[in-house]
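Spelled out, the chains give:
There are 2 protein chains.
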Amino acid sequence: MRGISYLLSAVLAMASVIVYMARASEQADGKAPPIFGVQIPPGYRDWKLISVAHEEGNNNDIRAILGNDIAIKAYREEQLPFPDGTIIARLAWSYVASEENNKVFGRAQSFVAGAPTNVQFMVKDSKKYAATGGWGFAQFKDGKPIDEALLKPCFPCHVPIESRDFVFTRYSPSP
Amino acid sequence: MRGISYLLSAVLAMASVIVYMARASEQADGKAPPIFGVQIPPGYRDWKLISVAHEEGNNNDIRAILGNDIAIKAYREEQLPFPDGTIIARLAWSYVASEENNKVFGRAQSFVAGAPTNVQFMVKDSKKYAATGGWGFAQFKDGKPIDEALLKPCFPCHVPIESRDFVFTRYSPSP
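Quick note, the sequences are listed as chains A and B, same order.
Counted from 1, the first sequence has number 30 at position 30 by the working numbering; the numbering is strictly sequential.
Counted from 1, the second sequence has number 1 at position 1 by the working numbering; the numbering is strictly sequential.
Incorrect hints may appear among the rest.
[Stated by the list, open to error] Straight-line distance between alpha carbons at most 30 angstroms, and here's what the computed DSBU-like set of lysine-lysine pairs gives:
#1 B:K144 - A:K73
#2 A:K128 - B:K127
#3 A:K152 - B:K103
#4 B:K152 - B:K128
#5 B:K103 - A:K103
#6 A:K141 - B:K73
#7 B:K141 - A:K48
#8 A:K73 - B:K141
#9 B:K144 - A:K141
#10 A:K73 - B:K152
#11 B:K73 - B:K127
[Unchecked claim] If you anchor each label on the Cβ, the simulated ranges turn out as follows:
#12 B:V96 - A:L150: 26 to 36 angstroms
#13 B:G43 - A:G114: 26 to 36 angstroms
#14 A:P160 - B:G85: 12 to 22 angstroms
What the hints contain is simulated information worked out from the structure, not anything from laboratory work.
All residues carry an ideal CB built from backbone N, CA and C; glycine is no exception.
When you get a sec, could you build the whole thing from the sequences and use the hints?
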C-alpha cells in the first residue's frame, strides 16, 4: 500500500507541475490570453468614448465602449475597414437600480453601473489575425484573461456584421 | 386711424428690437444660458469616462458621464469637495432596442444609444456659484442652451447628495 500511495503522490505532484507550467506558458505575465495574445492596453480607461449600451439576459450589464486614438479617428471619419492598430474596449459593469437616484426622482427609474463585470478588447491587425477578419479578441477581469475556450465564439458572433468590419458598436454623435 | 396704426407699428418694432437685444445679451454667442453663463466646454467629447447610466421614465435615455482632467483626478483620488475648475458632462441618447444585436444574441436583450438627447454640464466655481453649492448648471442640444426656467430646478434636485458635493455619479472602477 505504501508503494502505491507513494506512486500516487508522485504522479499527482507531477500533474500539478505540468498544469502550473502550462498555465504559466499560456498566460505569460498573467495578461495574455492564449489564442490571440492580446494584452491589456496600458491606459485604456483614459480612451475616448464611442458609445454606451445595456445588455439584458445573462449579461445584465451596462457598458461603455471606448477607443484608442486610431479607433476614434476611424470612427469619426467613417473609415472602413478600421486600420491596423485600432483597439476598441468594451467595459462592463453590473446593471444596478439606484435607490439613491430613485429617491430624488420620486420613482424607480434610475439604473447605474455597479460592480465591474469585465473588459473586452478587439485589436485590429489584418495580418496577425487574418483568420478572424483581422481582429484579435480578449477579455479580462481584474487584470486576468479568461480561458481560451471562451474566446473561440467571439469571431463567429461578429461575422453577421462584416459590412461594418465586424464591429457592432456605432459611434454616437455628440448631443 | 393712420396715426394709431403708425404708433402701433412703431411700438411693435421697438418691442422686437428690445427682445432681440435681450436675447443677444443673454445668450452671448448662442451657447450661454442666462443664469449660470456656462458655455459648452471645447473638446468635452474627448474627456475621460466617469460612468454610465440608464434613466427610464420621461427621460428614457442611456447616458455617459465624462469629466475634464480636474474632475477625473478628483474622482480617482476621492477628493471632496471637487476643486474649482471641475467640469462634469452628462451626454444622453435615446434608449433604443438594437434589432441588429438581438438577431445575433437570438433574443431581445440589447439596448443601445440612439439619437442624441442633450448634454448637461456641472461646472465648479465655489465663488461664482456660491448660491448653488459652488456649481453652475447648463444643458444644450445641438449647441443651443435650454431656457433659463429649466435650469432652476437643477440645484434643488442635487441638494440631497450634498455629502458627495452635490454630485450623483460615482466613479466606476475599471473592470
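Verification of the hints:
no. : hint                               : in the structure
1   : B:K144 - A:K73                     : holds, 26 angstroms
2   : A:K128 - B:K127                    : violated, 56 angstroms
3   : A:K152 - B:K103                    : holds, 19 angstroms
4   : B:K152 - B:K128                    : holds, 16 angstroms
5   : B:K103 - A:K103                    : violated, 36 angstroms
6   : A:K141 - B:K73                     : holds, 23 angstroms
7   : B:K141 - A:K48                     : holds, 20 angstroms
8   : A:K73 - B:K141                     : holds, 23 angstroms
9   : B:K144 - A:K141                    : violated, 41 angstroms
10  : A:K73 - B:K152                     : violated, 38 angstroms
11  : B:K73 - B:K127                     : holds, 21 angstroms
12  : B:V96 - A:L150: 26 to 36 angstroms : holds, 28 angstroms
13  : B:G43 - A:G114: 26 to 36 angstroms : holds, 30 angstroms
14  : A:P160 - B:G85: 12 to 22 angstroms : violated, 46 angstroms
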